[in-house]
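S.K.: Here is how the chains run, residue by residue.
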Amino acid sequence: MMAALAVVKAAHATSVALAARGEAEQGDTMTGWAAKLQESCRDGGGSPIRGGGGGARREGGGGGDAAAAGVGSGEGVRAVAALLLVLSKAYQHLMQFRCPEALQELGRLPPQQYCTGWVLHQVGRAYFERADYGNAKSALESMQRYDPHRMEGLDLLSTTLWHLKRDVELSYLAQKVSEFDRRSPQTWCVVGNCFSLQKEHETALRFFQRAIQLDADMTYAYTLCGHEYVANEDFDKAVACFRMAIRTDRRHYNAWYGLGSIYHRQEKYDMAEYHFRRALKINPQSSVLRVYLGMVLHANKRYLEALDMLELASKSEPRNPQASFQRANVLMSMERYAEALRELEVVRDNVPKESAVYFLMGKVCKKLGQTDAAMRHFTIALDLHNKDKNLIKAAVDRLNDPDMDEEEKF
Amino acid sequence: MADDSQVSQQPAQPPEAKTEASELDYVTRREIGREAVWSLSSAKPGNGVDQLRDDSTDTYWQSDGGQPHLINIQFHKKMTVVEIAFHLDFSSDESYTPKKLSIRAGSSFHDLVEVTVKELHEPVGWVRVPLFAPGGGGAAAIAADAAGGAEGPVLRAHFVQICVVAMHQNGRDTHIRQVKVFGPRLASVQHDPSLLEFISPEFETFACIR
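Heads up: the sequence lines are chains A and B, in that order.
With numbering that gives the first Met the number 0, the residue at position 337 of the first sequence is 336, and numbering never jumps.
With numbering that gives the first Met the number 0, the residue at position 2 of the second sequence is 1, and numbering never jumps.
These are computed hints drawn from the structure, not numbers from a lab.
The structure presented is a predicted model; accordingly, all values stated were derived computationally and were not measured.
Backbone N, C-alpha and C define an ideal beta-carbon position, used for all residues, glycine too.
Do not rely on the hints blindly, as some may be mistaken.
[What the hints assert, rightly or not] Derived lysine-lysine pairs resembling DSSO-like cross-links, with alpha carbons at most 30 angstroms apart:
no.	chain 1	residue 1	chain 2	residue 2
1	B	Lys99	B	Lys43
2	B	Lys77	A	Lys388
3	A	Lys267	B	Lys43
4	A	Lys388	B	Lys76
5	A	Lys236	B	Lys77
6	A	Lys392	B	Lys77
7	B	Lys99	A	Lys386
8	A	Lys386	B	Lys76
9	B	Lys76	A	Lys392
10	B	Lys76	A	Lys300
[As the list claims (entries may be wrong)] Distance ranges between label pairs, derived from CB positions:
no.	chain 1	residue 1	chain 2	residue 2	range
11	B	Gly64	A	Asp214	48 to 54 angstroms
12	B	Pro183	A	Gln212	44 to 50 angstroms
13	B	Asp110	A	Asp382	39 to 45 angstroms
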């Protein structure tokens, strides 16, 4: 039994290490590794292992199930090895943020393995990392169903609900977990996210700090803390938090992104570019990161590079309307208004209820001299938007004043 | 004459409500006092800036010298200030409790312009003073921002000074337990001020990483 556990641990460590190094020839490594795995199973004190039975439970002391009593046979060892191979491959893909591949790999698991806490956690994570929050939510919720006492992954679920703005569900989750285990750092991440969604950033900060008190190595709690400091515009403390997150986990791209977004806001575009690129190096598939990098390049007046980057972003994630929207913004800076308008029309057809799109269309039409069309777009924008009305109204007032740029008032 | 002034004062004094710290609005505004350098005209040892800003209403600043008693709040850059909140407690401070506060703003000591005057009547708890740019422009440091919303132009200043003009029962020194300075809170994921905030779920999903 101990041997099996050790092997699982080794698998864990190996795939993390592989991910960290970013090994290219993972195929070969993996097959070689599987052979080693088989060997070590055989050498491992002669403890007989049978396949099946909850082998995927690696954490929480549940791993013993895998080594349930059985008659030693080459068949059993092979079954475990095959199972571990799939899991470790999937884990390696996930650690390198190749989410579709990870999902595909995990999908090959038999149902009794797939429906376990650890596997569903990784599935949720894979969806989460590619900003597919709907699927992430359902995966993590079924994780809760199959493994109701699992605390790992709940921090992720709470951030998913935060993204989806499900305040009722988030608050229910916070209630439930804080009743269940007050000593778990994940609990306080959930509670903090709940308050953050209510825009009570000071309170949220207190709870994230409590999570750090409970587990000083919890990378994600530092990141969440940093995001709250950013919301309070306390950038020095936010930078310190993100640095702590990176210190505990160098491959935590969220923290690199957090630093980049701070520098972006402070208009230190070169610094921002460096940090976004670091984040992208870790998670090269992320279209959100690419959009941000494109925005920084745009701000640095490197328009062509920005356009290429945004093109890549929309190719890697066609669902991301931000990429095309920012492309239009760049095209506008390059005074290629007709192209900008075409780009925006596509965005509008995909997301018909975004007033920012109409607002930008109005500005483009004004540049093209189509005052009536501009007016129409501004009116729709005004109709859809309930908060920032002043900005739109100011633009409408200046509509017949072609010399004045919208940006000039700043 | 005396009657007249009293009558005119009366409507300007709403009953001072007891407001807890949680009633201060941290949702649409944020505390910006920590970004400033604070100084006082005078202070009794052990009752200074630290006690004024320690988030505890049990400790207080006590002036120790000639009037007027001043709190100077100097920012490193021009800031939008929307509200100043004071924690005062007449029931324990009695004649030390401020009766009249004058709030001034500008770019340095030398060009301060009075923004508002607050008269108080036996306050207990938080007293919130909303701030707007004084009418007619005033000092160069105070810009009337047209985008300030329906309530009026916002106050932007490098330097804010709070002057305690008078105490209750003609007290000489003053006690102020807490002072908070609030600025507006901007949308957390908004980067480009020339663009609108996103409202559709499709856009918001990809607006940030967390």
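S.K.: Run every hint past the structure and note whether it holds.
M.R.: Hints, verified against the model:
1. A hinted pair counts as satisfied when its Cα atoms are at most 30 angstroms apart, and Lys99(B) with Lys43(B) qualifies at roughly 21 angstroms.
2. The hinted pair formed by Lys77(B) and Lys388(A) meets the criterion: a straight-line CA distance of about 25 angstroms does not exceed 30 angstroms.
3. Using a Cα cut-off of 30 angstroms, the hinted pair Lys267(A) and Lys43(B) is violated, with the two alpha carbons roughly 43 angstroms apart.
4. Note on Lys388(A) and Lys76(B): the hinted pairing holds, with a Cα-Cα distance of about 27 angstroms set against a maximum of 30 angstroms.
5. As the CA atoms of Lys236(A) and Lys77(B) are separated by approximately 21 angstroms, the hinted pair is consistent with the 30 angstroms bound.
6. Our distance criterion of 30 angstroms between C-alpha atoms is met by Lys392(A) and Lys77(B), whose separation comes to about 26 angstroms.
7. Between the alpha carbons of Lys99(B) and Lys386(A) the distance comes to roughly 36 angstroms, so the proposed pair goes past 30 angstroms and is violated.
8. Of the pairs offered as hints, the one joining Lys386(A) and Lys76(B) holds, with about 27 angstroms between alpha carbons and a cut-off of 30 angstroms not exceeded.
9. A hinted pair counts as satisfied when its Cα atoms are at most 30 angstroms apart, and Lys76(B) with Lys392(A) qualifies at roughly 29 angstroms.
10. Proposed proximity of Lys76(B) and Lys300(A) is supported: the alpha carbons are some 26 angstroms apart, at most 30 angstroms.
11. In this structure, Gly64(B) and Asp214(A) meet the distance hint of 48 to 54 angstroms, their C-beta atoms being roughly 50 angstroms apart.
12. Between Pro183(B) and Gln212(A) the C-beta distance comes to about 32 angstroms, which lies outside the given range of 44 to 50 angstroms.
13. With their beta carbons about 44 angstroms apart, Asp110(B) and Asp382(A) fall inside the hinted range of 39 to 45 angstroms.
Violated hints, in rising order: 3, 7 and 12; the structure is consistent with all others.
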